[in-house]
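A.B. asks: Protein chains in written order, with our numbering: chain E, 950 to 1290; chain A, 950 to 1290; chain F, 950 to 1290.
Source of the hints: derived by calculation from the structure; they are not laboratory data. Predicted model, so just to flag it, every value in this text is computed and none were measured. From the three backbone atoms N, C-alpha and C, an ideal C-beta is built for every residue, glycine too.
Covered by chain E, per the in silico footprint, the following chain A stretches (three or more residues, Cβ under 8 Å):
1. 1108–1121
2. 1197–1209
3. 1252–1263
Residues of chain F placed beyond 10 Å of chain E at every Cβ, according to the derived structure:
4. L972
5. K998
6. D999
7. A1020
8. T1047
Taking lysine-lysine pairs in the DSBU-like style, the calculated list, with each CA pair at most 30 Å apart, reads:
9. K1289/F / K1268/F
10. K1288/F / K1268/F
11. K1250/F / K998/E
12. K1268/E / K1250/A
13. K1268/F / K1250/E
14. K1289/A / K1288/E
15. K1289/F / K1289/E
16. K1289/F / K1268/E
17. K1268/A / K1289/F
18. K1288/A / K1268/A
19. K1288/A / K1288/E
20. K1268/E / K1288/F
21. K1268/A / K1289/E
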Amino acid sequence: MAPVTLADIVSALGGELHGPAELRIARLASLAGAGADALAFATGERYRKDVLATQAGALVVPPALLDAAAARGAVIVAADAHLYFARLTQWWVARQRTPIPAGVHASAVIGRGVQLHPTASIGPLAVIDDGAVIGAHAIIGPHCHVGARAQVGAGTRMQSRVTFAEDCRIGERGLLLPGAVIGADGFGFAPDNGTWVRVEQLGTVWIGDDVEIGANTCVDRGALDDTVIEDGAKLDNHIQIGHNVHIGAHTAMAGCSAVAGSARIGRHCMIGGAASILGHLTIVDYTQITSNTVVSRSISKPGQYSGAFPFDDNASWEKNAATLRQLYSLRERLRALEKKS
Amino acid sequence: MAPVTLADIVSALGGELHGPAELRIARLASLAGAGADALAFATGERYRKDVLATQAGALVVPPALLDAAAARGAVIVAADAHLYFARLTQWWVARQRTPIPAGVHASAVIGRGVQLHPTASIGPLAVIDDGAVIGAHAIIGPHCHVGARAQVGAGTRMQSRVTFAEDCRIGERGLLLPGAVIGADGFGFAPDNGTWVRVEQLGTVWIGDDVEIGANTCVDRGALDDTVIEDGAKLDNHIQIGHNVHIGAHTAMAGCSAVAGSARIGRHCMIGGAASILGHLTIVDYTQITSNTVVSRSISKPGQYSGAFPFDDNASWEKNAATLRQLYSLRERLRALEKKS
Amino acid sequence: MAPVTLADIVSALGGELHGPAELRIARLASLAGAGADALAFATGERYRKDVLATQAGALVVPPALLDAAAARGAVIVAADAHLYFARLTQWWVARQRTPIPAGVHASAVIGRGVQLHPTASIGPLAVIDDGAVIGAHAIIGPHCHVGARAQVGAGTRMQSRVTFAEDCRIGERGLLLPGAVIGADGFGFAPDNGTWVRVEQLGTVWIGDDVEIGANTCVDRGALDDTVIEDGAKLDNHIQIGHNVHIGAHTAMAGCSAVAGSARIGRHCMIGGAASILGHLTIVDYTQITSNTVVSRSISKPGQYSGAFPFDDNASWEKNAATLRQLYSLRERLRALEKKS
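Okay, chain E solo, but in the shape it has when bound (with noise of 0.2 Å):
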């Protein structure tokens, strides 16, 4: 990789410098981690501290650090240091990265009737099955699976070990992460006298643009209808999605987060980790859930929700749990003490 100099990153991404245009940078660090040859970023007031003490041979700070930063050295000026430092890192890996080569890999497999854009390249031993579509610079890495008639969006790209099972759709720009299962079928099963009868999954899943799935999640295809995610939501790892769900535009999901059958949220919503959206129920846009919470109900106001339980000592858990079993009790002796007074 040719060298960078300050001069370059503020010609390609803006900000306003000070300091020497000509000094190099060899890799982008954190505060901490940073050397002379290291760019690093802080994004607010918290890291005043941080920032004297880095040594790091030039800063990313937001106006109100630059005090700080420049008596020490080098300093990029971006009115948004964290988003201006996350443009970087794509700049940075976009020169540094080693394209993958557009092509079928003589191991991968490939069905009857695909249609694969000449600029798409398909990692060793893949599957593509019949009449699949793969768009152009869409990247199918190795031992992922895309299924019949599935729709690969121009520029997605999924790194490695991904099924995308038959007749799902992505968009563009998309990325899924080793491990992710979309469109699998979902758990639907009608009682018949004591067994359980399967209930074939008829729908399939539709990804919209700029959406990022995590490892090891699964989004299930739907019963009926499709399962849906909208443009730019992004999803953590080890996430499970369940049928017929439908997740908002730029809404944020956590790892470990789950969504139960028909679950319906909103855009811009943010659900922490391992925090659990019931079936069937209605969560409005800008919703935040707290991590480790259980949605039980339909929230109609945005706002912030939460319900994990607090932890502390064991003993004093164990005590705090076990009256915890008597509650309403308390609170009808309690009733009954103001009844008293």
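Using the hints, position chains A and F against chain E.
C.D. replies: Okay, now just chains A and F, sitting in the frame of chain E:
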């Protein structure tokens, strides 16, 4: 696919037809998603309004909804409309889907001494290890791995990317979804002066007939005895079954639930999503566990058991959660007041 | 496998033999599952009844159980019977299992510049990317993917279908179970006017010696610095380790637990199943977290911490949970009464 008429459907599946037998059905759909070419279903009274509003060409309903459904078009009446529709989806899929051809894909890797029924299908890039036994009409999908001496019953299907480890056995008509891992080593260690010494897991997994196991679900092999999943059990996605667990027949477990080692769950139980069953417990037949419940003691009486923290707006939760950490002392204070009064 | 006698076992592993040295052992078994051909073990006094009832041909017991065990047959006495049996299972497996041959399977795909030790084994349909380094006696199983420049230490085994991403490193004698994903991108985004801008994850994962990682467990790569798992740590299945987490040496984590980004867990900790550690926390060495606990603050004092909601029959839970939402006001009412009395 040949066109399907209502006559074809009642001829195959029974039910009482009210309306034109020659009406053609192009797809099965939800009440809301159906058009004139579609057949939809309603399970009971609470869907009366949806029945009146649907655009479906025909409906499957229970007797109680016949009046509403017949007022608007063709109807099939079935005593249990959900069960009827479940069977209809299976019949539909059997007609519609291209059957997977028998035989071994050229890219699959087959070990020595494998007993492969001539009607079985081994998909692209599957690996079948030495001595495995694959039954009639079994389907081993792309990227699946069947370990040495494993036994797969007739009609059982591993969709894709399933790991089915050495010496494990599954009965007939099973279904394993992508990413499932059957027979990985259980988590067993002996402490040794601050380090952990591995206990090799010498048991296997034994799975009965008609069992379904969801995407990315793990069923660990036993330490010495086997982990057992009896006939007809249905496991959703992202489930963890620890070593030496025993799941009774026809028990259904929803996504993200977990059962720790050596627990024994009865028959006909229903375990809600993200519920946890701790190790070495016994749960009696016909028990229902609400989602997100932590079962920390054995259950000897059938019924429904629950234990999720009720969620609230964040400010209310914070106040209540903080108070919860003082609950035992509140009880003591209440007692003191009661003595005084 | 050659027959094993009790003499062979004590010769290899020590222990004090009471009984016929020439007794042949055909298998290791649980107390309940053992027959006359089996060796079983009991760890302590609470298994006395099972010791008296077992059909095992021989037993491994601690000194306290010698009397009971000797009254019924052959015995090996070991100060720590659990540890003895753990070592015995390893010795047993080493004798019993067919060793996996060194060399590269013809169907594997090997990149350029891979440094492959001649004693290493690369299984069918594995993919090893450019510049990866695979140590002596390492085993890369079927469908595994080792990314570019990744380093795998001597004796480390990836069972099957493991993703070990580019530039990640693991030490010696590690074990990675099927479906594990090491080095997927961490979940990092900068908000930009209602959308999310990806922060490329430039760190890697560094794993020490003697580490085990369970089936379908994910360990994300760091954002700028590395995610670290120190020597001897043991991770069960379905675990989520966020970017830049640090897990101390010999810490054990049970299934479905999760650690959010940048948390730091000490050495010799035990994290229960389905426990959650929130981001950026520090947990001191020798901390035990009970299963299903949400750790929302740092822990500076070793000990056991808990926080699961106590489950109950559904009707009781409903009353107590409803009351819990009024807990703070109950406290206020109690205070008011106390002031009056």
